[in-house]
Amino acid sequence: MQLPDQEQRGYAFTAAGHAARLHERLTPQLYAVLRVEGAGGGAEHAIRDVLTYVPFRRLPSWLKWRWVLATVRDKVQGWWLRAADAGGDAWRALRRRK
Numbered sequence: 001m002q003l004p005d006q007e008q009r010g011y012a013f014t015a016a017g018h019a020a021r022l023h024e025r026l027t028p029q030l031y032a033v034l035r036v037e038g039a040g041g042g043a044e045h046a047i048r049d050v051l052t053y054v055p056f057r058r059l060p061s062w063l064k065w066r067w068v069l070a071t072v073r074d075k076v077q078g079w080w081l082r083a084a085d086a087g088g089d090a091w092r093a094l095r096r097r098k
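The numbers in my numbering rise by one with no breaks, and the one at position 7 of the sequence shown is 7.
Keep in mind that the hints are not guaranteed to be accurate.
What the hints assert, rightly or not - Derived DEER-like restraints, expressed as beta-carbon distance ranges:
| hint | residue 1 | residue 2 | range |
| --- | --- | --- | --- |
| 1 | R92 | G40 | 17 to 23 Å |
| 2 | S61 | D5 | 15 to 21 Å |
| 3 | G40 | S61 | 18 to 24 Å |
| 4 | A84 | P55 | 29 to 35 Å |
| 5 | W65 | E7 | 37 to 43 Å |
| 6 | W79 | H45 | 24 to 30 Å |
| 7 | R95 | S61 | 36 to 42 Å |
| 8 | Q29 | R57 | 41 to 47 Å |
| 9 | R57 | G78 | 40 to 46 Å |
| 10 | R58 | Q6 | 45 to 51 Å |
| 11 | R92 | R25 | 46 to 52 Å |
Rather than coming from a laboratory, the hints here were simulated on the basis of the structure.
The structure presented is a predicted model; accordingly, all values stated were derived computationally and were not measured.
Backbone N, C-alpha and C fix where the C-beta goes; we use that ideal spot for every residue, glycine too.
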């Protein structure tokens, strides 16, 4: 994960994501590397895999906060999309009645 080539580093982060999927945990060293790399970088998919497959109680505190934020964001986005979909359905129903 410390290689200068970005593509090769991506493979290492992919392996960390697969380890999270298979074992539902990571080592403290892997969590530290993911934290340093941060979200939005090469570790984004690995962090998402960790949030998906590692139980909440096993996450380090910095990832628990990210899990809470992602969960709230996804819930609000779901509500927004359902409301927009319902509004579109209502608009189409009104247009058909005329």
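Quick rundown of the hints versus the structure:
1. About 38 Å separates the C-beta atoms of R92 and G40, a value inconsistent with the hinted range of 17 to 23 Å.
2. For the hinted restraint 15 to 21 Å between S61 and D5, the CB-CB distance of approximately 32 Å leaves it violated.
3. Distance hint check: the CB atoms of G40 and S61 are about 20 Å apart, consistent with the given range 18 to 24 Å.
4. Between A84 and P55 the CB atoms are about 33 Å apart, so this pair conforms to the stated range of 29 to 35 Å.
5. Look at W65 against E7: about 30 Å separates their beta carbons, and that is not inside 37 to 43 Å.
6. The hinted range of 24 to 30 Å is satisfied by W79 and H45, whose Cβ atoms lie roughly 26 Å apart.
7. Checking the proposed 36 to 42 Å range against R95 and S61 shows it is violated: the Cβ atoms sit about 51 Å from each other.
8. One distance hint, 41 to 47 Å for the beta-carbon pair Q29 and R57, is violated here, with the actual separation near 20 Å.
9. Against the hinted window of 40 to 46 Å, the Cβ-Cβ separation of R57 and G78 comes to about 24 Å, which falls outside the hint.
10. Evaluation of the 45 to 51 Å hint for R58 and Q6 yields a failure: the beta carbon distance comes to about 29 Å.
11. Taking 46 to 52 Å as the suggested C-beta distance range, the pair R92 and R25 conforms, at roughly 48 Å.
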